[in-house]
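Asker: Given the structure of chain S, go ahead and fit chain L with the ligands onto it with the hints provided.
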Amino acid sequence: MSETKKGSKKNVETLEQVTIRFAGDSGDGMQLTGHQFTDTTALVGNDLATLPDFPAEIRAPAGSLAGVSSFQIQFSSREIQTPGDHPDVLVAMNPAALKVHLSDLRSNGTIIVNAANFNKRNLQLSGWDSNPLEDGQTLVDYKLIDVDMTRLVGEALSDMGLPPKIIARSTNMFALGLLYWMYSRPMDTTIKFIETKFKSRPEIVEANKRALQAGFNFGYTTEEISTSYVVLKAKKPAGTYRNIMGNQALAMGLVAAANLNGLRLFFSGYPITPASDILHILSGYKHFRVLTFQAEDEIAAVTSTIGAAYAGALAVTATSGPGMALKSEAMGLAISAELPLVAINVQRGGPSTGMPTKTEQSDLFQAMYGRNGESPIVVLAAATPADCFNTAYEACRIAIEHMIPVILLSDGYLGSGSEPWLLPDIDALPPIKNHKVTDSNGEFYPFDFIDQEAMARGWAVPGTPALEHRIGGLEKDSRTGNVSGDYDNHQQMVDRRAQKVAVVARNIPLATIHGDDSSELLVLGWGSTYGAIRAAVDSARKQGYSVSQLHLRHLNPFPSNLGELLLRFPKIIVPEINSGQLTRIIRAEFLVDANVLSKVSGKPFFPSEIEERIIQILGEK
Amino acid sequence: MSVNTAEIEQPALKRKDFVSDQVIRWCPGCGDYSILAQVQKTFPELGHRKEQIVFISGIGCASRFPYYMNTYGFHTIHGRATTVATGVKLANPDLSVWVVTGDGDGLSIGANHLVHLLRRNLDINILLVNNRIYGLTKGQYSPTSEPGKKTKSTPFGSVDRPLNPPAFALGSAGTFIARSLDVEGKHLQKMLAAAYQHKGTSFLEIYQNCLIFNDNAFVDLSEKPHKLEHQLLLEDGQPMLFGEGHNKGIRMDGHRPVVVDLEQDGFSVDDVVVHDKSDKMLALMLSELTYMPDFPTPLGIIYQEQQDTYEELVHRQIEAAVEQLGKGDLQALLHEGHTWIVD
Ligand SMILES: Cc1ncc(C[n+]2csc(CCOP(=O)(O)OP(=O)(O)O)c2C)c(N)n1
Ligand code: SF4
Ligand SMILES: [Mg+2]
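Those protein sequences? They're chains S and L, same order as listed. Sequential numbering of the first sequence, starting at 482, is according to the working numbering. Sequential numbering of the second sequence, starting at 13, is according to the working numbering.
Treat the hints as calculated values from the structure; they're not laboratory data. Worth double-checking, as some hints may not be accurate.
Straight-line C-alpha distance at most 25 angstroms; calculated DSS-like pairs for lysine-lysine [what the hints assert, rightly or not]:
1. 1023/S to 1052/S
2. 236/L to 62/L
3. 914/S to 339/L
4. 202/L to 917/S
5. 767/S to 339/L
6. 680/S to 646/S
Just chain S, same shape as in the assembly:
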């Protein structure tokens, strides 16, 4: 890095952590810009977490508030848990982006704008009464760097004879170049990316590269900026890392479960935000002999998955809340037929179509109870983008080992958020034992347990000689599987299905506490609130508060020691991006006085929001 500073009169300061938010119109390429900054930052060796946030509309009217798309990244030289709450830097490519995001910026934060877009029309469209860059009042609490990026990019490309549209489209690279200079990052990853992405259009490659360089040079020469920053490598456990998004990690976890355990992965889905990427990614893994099937709807997706499970595949389907609602009848069939399958719900804002691109944890009740009849099911939730890998593997393991359907909850924040991932040692992943039966040894009873401990029946797949049998969704005899209307048998089967879920608790790890085994307050969480809770708890502990964290991956059944652990804490709060769903389950199950910290705005928790509540409960020090 040092040579880029050669001859510079500017100061270089070292920071521990920085949060940047890139915001602009949907057409401004903010997601791409954010991803590039992320890739580069990962390679620099910082710890990081990201949060993309985009409108549900593909192209809302240009310049409108509805059309603003943003990407936030926090990066640090120490371990971090979240994409940060209040950004230090806001890149606002137009007035709408400034309008939407200004209130989140920390005071004294830096604002970088493309001044060219602050024209009368855009200001009007986004509801500014006066031009905030000029009114001498709106932005006084911030450090404003206003750059006419469009003009500077135009100058850099002047000899290329490109239309103004292409020039305007390259301004995001200018912004990226400027931030690379400000935070002392190398540009080669992005240059390579540009060269590959636009391979067939050399003039676009050239335009983007020049715009990137122009931004970098601007930082170097402008008098407006006197300091650049360095964020050192984070100390992390040794190993090979890559940056990973949750949906990607999920897809890989599924492939790993199939690949390492001699099973064929069958995946069926119907496109829905924010789960579609899982279908996209797995469809590219044909060389792993992954069978992907884009079904005509979610009912077809889950029922074809049931068919594939019956025929012996590791069968998985993924969707989001509305699709999960459509699958519920079929999930009951999988429970009744005792077939192994994994149904993934990448949750989003509800009810109904809700907020497709915003995150929520409001489908826990749906997962637990959203079916007719007594129909208990195993429920898991992933905690971080990288954790999606392990949770996917774990979901497959439980499904196959127990001959039982499993629901895996992720959410939009995990699905498209990213973090560095210490690549796992695949040889250390637990082997998954399946219950395929190949001969009858005399009499074969399809609903006899072949593994008593796991309460798993034999997986006698069609094609196996002499094991022909019939299964279905009508109540069945506990041995033969034949239709049965017998009252005692029904009671026995209801109990059996409950028991089948309960015994999974013997096959999962115990819950652990981060902090002290008994402190004044426990912050209990599940799913994607993990990072925000961890950051809040660690910060409060540093200030001397007696608070600990317990985070659940297994929501049904709970780890067998959970009740005992909860009873050690006089106070329990449960931050949830819903109105208190886990809170109610915990209260009902363990009769403890757990209280919800609820937020259902479509945004994840900021650590500060949880920390404030901790301090409020434990009293100001």
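Answerer: Frame of chain S; chain L with the ligands shown alone:
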């Protein structure tokens, strides 16, 4: 499933090998008995290994079928037999997969899936048991019930326009469309065998008498002497003749079919249209006869064409990817893209 090693080396199976130990619960005299019997009679002749056969059904009287077949069987949920079957067939293309569905199960709640199975053309055999009524739920009108029909849910008569199953299948790009009748044992056996032989989705509509809720719905087709007037038995390459001693035929007057009496109208067999099961326009015309008064009802193979099956294309694409990219390597997959090492 026309060619399969499973057909070669196996001891000859008998009808009783396909009979399960379950007590059959259809009403005495229900047309479903006959359909089951024809299936159990036909299967030994198909020569397919028993363990390679799977029967999948939805919900309804007819959908109890799998329990009575001593093969693999899955009684699923209402309307979804076709999609469960799709998953089974994709996961194991070697299986001979049979769907049994009703006019409610397949054409009402499951109609969407039926469209998509037909257009994808998986090698699955669909037996659509049409009694023009909801049997299991005790007698409501179905999507194939005739207008004006009085049922429990239509005490003043149905105002729904009925759906035409072969036309539905044609419109869904079906590659094998045939019709038979519960009581025409020999004909049904022939159609079952033809459905089995067809590589691709076979759609076999079977008219079935529900004597409890819609008795005599097909009496014109099933009872002598008038059945001869009402059955148009299709044979590929043969003129469309019917009636006592084949005294009548279908003649095309431009695009319009007309019934001609060969003894009275002055037409000969040469004027009668010859059935060509590969002719889609003819198939459309035959489908339209379904509800046309004064016309006989076509039975037999209405349409057939050969297309690649979906599962072949899917698996071919997978093998091509393995060939092109090499067998997937998990370690390499995890390390794909930008990685860095912390030591
Ligand atoms: C989701 C759902 N809705 C409704 C039903 C009730 N139901 C069972 S069978 C059936 C209709 C069956 O009619 P059809 O498919 O024609 O079969 P049939 O009994 O006539 O053979 C209905 C409505 C059900 N089982 N599941
Ligand atoms: S109700 Fe009708 S279709 Fe159902 S079993 Fe009885 S006769 Fe057969
Ligand atoms: Mg019916």
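Asker: Against each hint, give a clear statement of whether it holds in the structure.
Answerer: Quick rundown of the hints versus the structure:
Proximity of residue 1023/S to residue 1052/S is assessed by CA-CA distance (about 19 angstroms); at most 25 angstroms being required, the pair is judged to hold. Under the criterion of a C-alpha separation no larger than 25 angstroms, the hint pairing residue 236/L with residue 62/L is inconsistent with the structure, at around 37 angstroms. Between residue 914/S and residue 339/L the alpha-carbon distance is near 23 angstroms, which keeps this suggested pair within the 25 angstroms criterion. Between residue 202/L and residue 917/S, the direct Cα distance comes to roughly 37 angstroms. Violation of the 25 angstroms bound is thereby established for this hinted pair.
This hinted pair checks out: residue 767/S and residue 339/L have alpha carbons roughly 9 angstroms apart, not beyond 25 angstroms. Between residue 680/S and residue 646/S the CA atoms are separated by roughly 19 angstroms; this keeps the pair inside 25 angstroms, and the hint holds.
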